[in-house]
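Asks: Residues per chain are reported as follows:
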Amino acid sequence: MNDHLETWVSTVASQLELPARQETVVIEELRSHLQADFADRVRGRTPEDEAVRATLAEMGDPGSVAAELNRVHGTEGSLLRASLGVLIMLLGFVGIVAAMDGGLVRTLDRLAGVLGRGRWYGQAQSSLHWLLESGLDQRVLFPLLLAGLSFLVGYVARRRGWKCALLPIVGFYGLATLAALAAGGEARFSISGTAEYATYVLAVLAGAHLGARLARSRSPYRRPLFALLAGIAGWIPVLGWMDIASILNPASVPSLLGILILAAIVSLTVLVLAVLARRVHRARD
Amino acid sequence: MESDTSNLLRGTLTTLVLSVLEREPLYGYEIAKEIRERTGGLLHLKEGSLYPSLHWMEREGFLSPKWMDAERGPRRKYYHLTRKGRTVLAKRRSTWQQFRDAVDTIVAAQPEGRQAR
Numbered sequence: 010m011n012d013h014l015e016t017w018v019s020t021v022a023s024q025l026e027l028p029a030r031q032e033t034v035v036i037e038e039l040r041s042h043l044q045a046d047f048a049d050r051v052r053g054r055t056p057e058d059e060a061v062r063a064t065l066a067e068m069g070d071p072g073s074v075a076a077e078l079n080r081v082h083g084t085e086g087s088l089l090r091a092s093l094g095v096l097i098m099l100l101g102f103v104g105i106v107a108a109m110d111g112g113l114v115r116t117l118d119r120l121a122g123v124l125g126r127g128r129w130y131g132q133a134q135s136s137l138h139w140l141l142e143s144g145l146d147q148r149v150l151f152p153l154l155l156a157g158l159s160f161l162v163g164y165v166a167r168r169r170g171w172k173c174a175l176l177p178i179v180g181f182y183g184l185a186t187l188a189a190l191a192a193g194g195e196a197r198f199s200i201s202g203t204a205e206y207a208t209y210v211l212a213v214l215a216g217a218h219l220g221a222r223l224a225r226s227r228s229p230y231r232r233p234l235f236a237l238l239a240g241i242a243g244w245i246p247v248l249g250w251m252d253i254a255s256i257l258n259p260a261s262v263p264s265l266l267g268i269l270i271l272a273a274i275v276s277l278t279v280l281v282l283a284v285l286a287r288r289v290h291r292a293r294d
Numbered sequence: 004m005e006s007d008t009s010n011l012l013r014g015t016l017t018t019l020v021l022s023v024l025e026r027e028p029l030y031g032y033e034i035a036k037e038i039r040e041r042t043g044g045l046l047h048l049k050e051g052s053l054y055p056s057l058h059w060m061e062r063e064g065f066l067s068p069k070w071m072d073a074e075r076g077p078r079r080k081y082y083h084l085t086r087k088g089r090t091v092l093a094k095r096r097s098t099w100q101q102f103r104d105a106v107d108t109i110v111a112a113q114p115e116g117r118q119a120r
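Chains as they are written, first to last, in the numbering used here: chain D, 10 to 294; chain C, 4 to 120.
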């Protein structure tokens, strides 16, 4: 593309405050416009210099264009919503800590012990429920945990596309369903159970919405907020996986293996969060 | 004159874009060109200002984008009118007609009473 046109595009790009992926698409669209306009003029036998001048004049001031695009894509009140997200996550975190009676060693002992206890859906309460019930009411805490997980999914979804986010959701529920079927769990219908699951669904939707909002935020607090939330939510897949592990192999998971699984899951979670944080970092810079 | 039409254009850009896209999906440059050509150059918008509007309409769900390869040059983002967009267009069209009629009754009326005196 002509250098002057490219400079115009670069000026817009330098002033855009959008997530990297979105910015790439916007720039591609503007570039496509400039090229089409320029080519049209040259085809109409306008000299190149004049065609460039006219094309740029049509597009207007790059600063104004960037400012308008930032305004349209910016999220007013995103910080407020992000703060709500933090509040929800903190509540969830406090709940987890309370449920585990505090203390890392004691917590690990308890987690390892739970893996060997042989609790599973359909026959007894799952390990996750057991953990939660020892602290706070599961009807409050479990939705908060779900909201936290969904928050991350929503955040990733906004930055990477909804199709990308659907994979872990479908994968998680698919695996959980298969595991429940394999464990011989039976489905029951009750009004209180339905209400409980409706609460879970709402928690998932609210969490995903808040995550998506934060991902679009242009606030300078976004990165530290995400790091904080990701750190807190890092525990959620650990607990969720323990739940699945207890379903898959309820009676025979020894404590040592439980600890190894836990260590592997924590490492994986940290790795995933590091990749996410890097993406966020690159997106901002 | 140009600033007069620019001000009027700003308030009606959404309706114009939706109307243009009612016939067929177009990409940004074509939308601007279509508006300019159909109005004989009277409505001449700064093309850079078109994109924030298009993106806003996309966010609101009036338009749905689809990237398509061009014969030459980079791929292009074509905007399709969604069902919601059609509904909004119908409402805006009706509002615009009422508004235009109302303005006409004032602006286009000849001051007959004053002449009669």
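Think of the hints as simulated: they come from the structure by calculation, not from any bench. Just to be clear, a hint being listed does not mean it is correct.
Unchecked claim - Lysine to aspartate or glutamate pairs mimicking EDC-like chemistry, simulated, CA-CA at most 16 angstroms apart: (1) C:K87 with C:E63; (2) C:K49 with D:D12; (3) C:K49 with C:E37; (4) C:K69 with C:E27; (5) C:K49 with D:D70; (6) C:K87 with C:D104; (7) C:K36 with D:E77; (8) C:K87 with C:E25; (9) C:K69 with D:E37; (10) C:K49 with C:E33; (11) C:K94 with C:E25; (12) C:K69 with C:D104; (13) C:K49 with D:E77; (14) C:K36 with D:E67.
Asks: Evaluate each hint against the coordinates.
Replies: Now the hints, each set against the structure:
1. C:K87 with C:E63: Holds, at about 9 angstroms.
2. C:K49 with D:D12: Measuring from Cα to Cα gives roughly 21 angstroms; hence the hint is violated.
3. C:K49 with C:E37: 13 angstroms, holds
4. C:K69 with C:E27: Distance of about 13 angstroms is within 16 angstroms: holds.
5. C:K49 with D:D70: Satisfied, since the Cα-Cα distance of roughly 9 angstroms is no more than 16 angstroms.
6. C:K87 with C:D104: Status violated; Cα separation ~26 angstroms.
7. C:K36 with D:E77: Judged against 16 angstroms, a Cα distance of about 21 angstroms means the pair is violated.
8. C:K87 with C:E25: Holds, because 12 angstroms separates the two Cα atoms, which is no more than 16 angstroms.
9. C:K69 with D:E37: Holds, because 13 angstroms separates the two Cα atoms, which is no more than 16 angstroms.
10. C:K49 with C:E33: Cα-Cα ~13 angstroms, so holds.
11. C:K94 with C:E25: Given pair C:K94, C:E25 holds - Cα atoms ~14 angstroms apart, limit 16 angstroms.
12. C:K69 with C:D104: 37 angstroms, violated
13. C:K49 with D:E77: 13 angstroms, holds
14. C:K36 with D:E67: 11 angstroms, holds
Violation of the numbered hints given earlier is confined to hints 2, 6, 7 and 12; the remaining hints are satisfied by the structure.
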